[in-house]
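S.K.: We have chain W already, so just place chain E on it with the hints.
Chains as they are written, first to last, in my numbering: chain W, 5 to 586; chain E, 2 to 367.
Calculated from the structure, these hints are not laboratory results.
Some clues are possibly wrong.
[Claimed, not checked] Lysine to aspartate or glutamate pairs mimicking EDC-like chemistry, simulated, CA-CA at most 20 Å apart:
1. W:Lys-303 <-> E:Asp-86
2. E:Lys-232 <-> E:Asp-264
3. W:Lys-201 <-> E:Asp-86
4. E:Lys-352 <-> E:Asp-327
5. E:Lys-124 <-> E:Glu-166
6. E:Lys-29 <-> E:Glu-68
[Unchecked claim] Quick look at which bits of chain E chain W covers, simulated, 3 or more residues with Cβ under 8 Å:
7. 14-28
8. 286-299
[As the list claims (entries may be wrong)] DEER-style ranges, computed between Cβ atoms:
9. E:Gly-82 <-> W:Gly-107: 24 to 30 Å
10. E:Gly-82 <-> W:Ser-410: 55 to 61 Å
11. E:Gly-151 <-> W:Trp-312: 43 to 49 Å
12. W:Leu-117 <-> E:Glu-148: 37 to 43 Å
Even for Gly, the Cβ is constructed at its ideal location relative to N, Cα and C.
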Amino acid sequence: MTFLSTFAPSGGRRLFRSGFIMPAVLIAIVAILVVAPLVRILLSTLTPEGIAAWQAVLASPLSFNLWWRPLFNTMILGFGVASGCLVIGGFLAWLVVLTDVPGRRLLGLMATLPYMIPSFAAALAWGTLFRNSRLGGSAGFFETNGLAIPDWLAWGLVPTAIVLIAHYYSLAYTIIAAALSSVGADLVEAGQMAGAKRPRIFFGIILPVVTPALIAAASLTFAGAVANFAAPALLGLPVRMQTLSTRLFGMIETGQNERGFVLALLLIAVSALFLWMSDRIVSGRKAFITVTGKGGRTKRFPLGAWRWPLFAIAVIIGLLTTVMPVLVLAASSLAPQSGALFSNWTLHFWIGEGGGEIAQGQAGIFRNPVLIDALWNTIRLGLVVALTTMLLGLALAYTIVQRRGSLLATILSQLAFVPLLVPSIAFAAAYIALFGAPIGPLPSLYGTFALLVIAASAHNLPFAVQSGRSVLGQISADIEESARLTGAGLIRRLFAIIFPLAIRGLFAGAILVFVKMVRDLSLVVLLFTATSPVLSMVAYRYAAEGFMQFANAITLVILVVCLAASLVAHGLQNRVQKWKET
Amino acid sequence: MNALATGAADAIEIRNLVKRFGAFTAVKDVNISVPAGSFLVLVGPSGCGKSTLLRMLAGLEGPSEGEIAFVGQTVSSGAGGVIADAGRRNAGLVFQSYALWPHMTVAGNIAWPLKVARWPREKRDRRVKEVLALLGIGALAERYPAEISGGQQQRVAIARTIAPEPSILLFDEPLSNLDAKLRIEMRSELMRIHRASGATSVYVTHDQVEAMTMATHVAVLNNGRVEQFGKPIELLRNPATTFVATFLGTPPANLLPARRVGDMFVFNDTPLVSGAVAPGHAEVQLLYRADDVAVGAVPDKPSVTARFAEAAPIAGRTMVTAMLGDLRITGMAEGYFSAMPGDAVALSFIKSPDAVFAVSGERINQ
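Just chain W, with the same shape it has in the complex:
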């Protein structure tokens, strides 16, 4: 019957146009971006070569090295990083949100910064400090200064886990802090009125209410650690510690595509399994929608004598994970000998001419035409992906929200969240499977900038839809409807009402996407070629060849770009919506 009314004489065509074409186009886009690569990678492992690869990986003398060992390492990393992140992120979130610790804003800001720093920055900084002479090459800062560093602290699982915790704890912090601040003061005070003491209130009320957030934080940091490529590649590969992602990279790098695809599928399965399980646990519980009290107050507990000691611990965590790596990278990029961080500083690695004694005659990074190219490419990639992602996200979110409850909306939102389950390096492998060869009349996209953009947009879809929804959530239906009553059409409403109100949220989302792309390595590491270099890849190349100072210098450039983007965003945000003075 709704079908019939679609053809009602007045305005029927418009209804038809906006009501059917847009969702159809969106479904097509999402299918090409998300479904096609995954189906393709699965199909290409079902060919005779593919079956052989399955056998080699899972049931052959090779499978211990190809699958079981990397799986074991990956699991250890995942669980280790998830628990470390919960402890540190949870501690900081508790401190900032629920206590009267001094400098709460500062601590909160510091706890969110590490996520802005690429994980390979921390890995490079770790190497600069802890590298030992076991593998030849110059030793790190500590060993040079007479402090022997055991192998387990210099290479392999332990440093990889530490570096990943230092990177991902801020994600856990963000999630847990948001959940904790939604626990209204009224809930706590109601507990106090019941006569419960602080531990009882914490374990009986606060903890259960934020449990879904804890599970979400654990599973997301787990997935992040499992998918991460940079840290295990830089700290593990030199001692042959393989994770699934480095194995996958190695296979495709050496032309064993089918085995790589099989590993990619297995990696997807592992990561998706854990995310799915945590989702089951969370949705099995009741979704705790709290009615927040007056102005969403939160109750802050007095820490008493512990205020300053706990503050000091939080500051030290913040300094070690943000300021330290940056300082180490900066000093290293100036020091000719990586062991002697603070002597004989030179700008050679930045602007030096090649051919000298230093660094086997390599010129400084700003003399390297590839770098300039890569810098431009990286920024272009960040901007284009931010734009496509946010537009796509807004369109998807609008369609999903408008048609809430319909089959179409369900399909769209489910599909859009699939990339969340797919580690980025495996996603890149799927894109190679799909676009590595020409499809019909279309040329092979492999190695083109376009492929990077498409893959990155697809990879960011879940985030895009999420932020699109939260942006639209801030615009109440009334506002849009009151505009509709004036007779304004969809386009007019979009530009006059929705855009001005949504711009701030869109901007924030776009900046996050930009930063994510600029510091990304695991997605581009497989898709990048000499014709489309990006900064993170150039840095990784330098590091893999042992030119640590160059790698560190480029990493600093990436950091500066990310930081500049955040600052610009901050400045612009306060300008675009003047009525929201902060």
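M.R.: Here is chain E on its own, set in the frame of chain W:
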């Protein structure tokens, strides 16, 4: 401890209570005491300090000066802060937001305070059933707060608060989130529960109708100060200040500024009342109930001509509001009355003013 069984000491006694937040004084020198079993309503406009006062009674905030005593025992004081913890003063608080714990079922929410108080299991289960029945929400026991309506959440919040049988019940604008019909229902419900539990209740609201219908004692607060404290009828009959006179009562009373001319007080060139009502005052404010203002000219009574603004039928009569310059004047017409906005309408003052106030707002005793 049963509130009704206590002796001479008042159930709640508030002495010289002051609360400051930094430079801002939220509660200024409040003195109130009520006997056991009373229903004390703290009423006033938003920001008048009534919620702060309630939170001090609950033990969630400490006073800056003065003290609070429950049944003769000091529970909070400016010197000692919160002496008896929120959980230790045998008081229950119903939050404006209900503050239901979202991860517990309805029954779980009600049972938890009893668990904290170490009630044995059987007694606990019995009590939970009892209050569920008392509030008529037995069918919801296994639901989660997010799954029930606002009115039902309200009932759960009340059930949870009365379950441990506190001798003092505190309500923070509990009905403000409900729709008008539900509000009236819950109002009678609350009074029923108040009588059934025998507890002393303190109820915060900005709605003067709630105050007038529910209270045995009312304290009208304004700017952190108690403007007047007493029985509702007393406040209505003998308002001590212009604030109380205009804040309470339906329909609202009229306050007319008048100047002494000769031996009469004159409002807008109309002599209204003899100057003897306020000896020594050149200017006064005269309080006329809407009932004492008739619509249309009445022989031998002073009258003014105003511009008709609106009319609302009430119980067979019509409440008529007209504007005289910027001043709203409300009178009562017999039967139904209507006119076009802006029409001239005569208003007659058929009785002498109910009360006379100085320009500063205090009442001048006649």
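S.K.: All hints are to be evaluated individually against the structure, with a verdict given for each.
M.R.: Hints, one by one, checked against the model:
no., hint, result
1, W:Lys-303 <-> E:Asp-86, "16 Å, holds"
2, E:Lys-232 <-> E:Asp-264, "36 Å, violated"
3, W:Lys-201 <-> E:Asp-86, "10 Å, holds"
4, E:Lys-352 <-> E:Asp-327, "23 Å, violated"
5, E:Lys-124 <-> E:Glu-166, "13 Å, holds"
6, E:Lys-29 <-> E:Glu-68, "13 Å, holds"
7, 14-28, "violated (count 0)"
8, 286-299, "violated (count 0)"
9, E:Gly-82 <-> W:Gly-107: 24 to 30 Å, "26 Å, holds"
10, E:Gly-82 <-> W:Ser-410: 55 to 61 Å, "58 Å, holds"
11, E:Gly-151 <-> W:Trp-312: 43 to 49 Å, "44 Å, holds"
12, W:Leu-117 <-> E:Glu-148: 37 to 43 Å, "40 Å, holds"
Hints 2, 4, 7 and 8 from the list above are not met by this structure, while the remaining hints are.
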